[in-house]
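**Q** Sequence order for the protein chains is E and B.
First residue of the first sequence: 1, per this note's numbering; consecutive thereafter.
First residue of the second sequence: 1001, per this note's numbering; consecutive thereafter.
To be clear, the hints were calculated from the coordinates, so they are not data collected in a lab.
C-beta atoms are modelled at their ideal positions from N, C-alpha and C, and glycine is treated no differently.
One or more of the hints may lead you astray.
As the list claims (entries may be wrong) - Some chain E residues judged to face chain B by a derived CB distance under 7 angstroms, without partners named:
1) LEU180
2) VAL182
3) GLY185
4) GLU188
5) ALA189
6) ALA192
7) GLY194
8) MET195
9) SER196
10) PRO207
11) GLN208
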Amino acid sequence: MVKTLPFRHARAAGVDEVVVPRRHPGRWALALVLLVMAVMIVEGMVTNPAMRWDVVGDYLFAAPVLEGLGMTLRITVLAMAIGIVLGGILAVMRLSGNPVLVGVSIGYSALFRSIPILVQLLFWFFLSAVLPTIGLGIPFGPVFVEADTNTLISRFGAALLGLGLAEAAYMSEIIRAGLLSVPRGQSEAAAALGMSRGRALRRIILPQAMRFIVPPTGNQAISMLKMTSLVIAISLPDLLTSVQTIYARNFLQIPLLTVACFWYLVMTGVLSVGQLFLERHFGKGVRV
Amino acid sequence: MTGDALVRAEAVTKSFGHVRALRGVDLEVHRGETVCLIGPSGSGKSTFLRCVNHLEKIDSGRLTVDGELVGYRRARGKLYELREREICRRRADIGMVFQNFNLFPHLTVLENVVEAPIHVRRERAADARARGRELLARVGLADKADAHPAQLSGGQQQRVAIARALAMRPTLMLFDEPTSALDPELVGEVLDVMRELVKDGMTMIVVTHEMAFARESADRVVFMADGTVVESGPPRELFAAPRHERTRAFLSKVLM
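Take these sequences, add in the hints, and give me the full structure.
**A** Below, the structure written as structure tokens:
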């Protein structure tokens, strides 16, 4: 039998030594070295006249920069939307048990994950060279509607297709992993209550899978935000293209790229906070 | 042992790959009857139970619930697998309680209970919620309606699972080892709820290792081994004077 002694008894018994945690002098030394290096770098950048901080300030809120920023945000949101919706469909196809749908889903992922995104962007952009018109009609029969490919797939459209279709391939893997992470018993319980597979997926499985889907999707969104800068290859006026157009005239590359960096940092920060809130929302019922 | 057979199984077989889980099960369960399936693990008790609501497809034989084939339709001398809608409609009338409760963790207790009545039966939300609260009161959990499953003990979770199944007004209740995952001191509260159902005349098939429950509450006890029914009879007879050596050996191990 072990008896817990009240505090004053412990004192009286002479076991009142103070506990001293282990010291970590190495950590302090390392922090100091890094701090000095950081101060040196910042000092060097701030005092360097070639950095032209006045130019950074002038262009931070300049109209073309803000317009480019808007374009970057629009592409990010729309391409992610395409990726999530199409990725969700591909994930459900993959898990459907229908061999045709499973095959299509696997083939899609394999194709779009194998080709560099930059190549896909250029491909959609130059598609009109081999396919001048796109029409809708009966296979091998009459065509009802026909449109010029260049009108149908604008620069903007090419950007969305290039980024969104590739994103769908990655999102389908993330969503599939999320759906598979929900224990089998959940779909069995739903089935035993007479729910169809579709209803069980929407009402029971997907809400639980969200907890596993949201964090990697946040990563994808952040990575998409940065990947939009690839549209510079098809001259779509996004944030990067806008600052490039400016420094092509005034040759102040670093100050203008600093402007772009500032906005990318801000947008990534906002997305990270949004991700935090989503995670909290979908963690409901799991933590007590 | 009154009324006609609600569940009728004839020569039902089921294999998982090379493992023959059921090798010709014959069994009848009558309306209002409580049947306990007992037997060593791997004897096919749970598999048979899962066949009754088509969570597992049978390979051969005939299995009917309320006169309708489970999962199939007979036409021109062949059995055609049913469409999903039909399977769901029939499952909705059969309640099932699982060993691991399988409550929906993202929904509150009351939401768990009313989910299927509202979205499968298309009951009005207000009616379903009122009845859901009634059922929770019946299993002694009226005050837990707004809790999440993770906040409940195992015994409480299993009682919610029973209320959830009852909310669909089932004609048949299936229990798959409902107390096996519970701490010993929580088994009693779940068995109490099940005894109430027996009293109310619910038709029940219970796979269990609770011999005391089988002895007191079952109308009939069925002993299964190696995928077949070895023997069945009223609990008093089966426990006191088993006819088969297998039954005797099993009972001598579980009845101390």
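**Q** Could you tell me which of the hints above the structure violates, numbers in ascending order?
**A** Of the numbered hints, 1, 2 do not hold.
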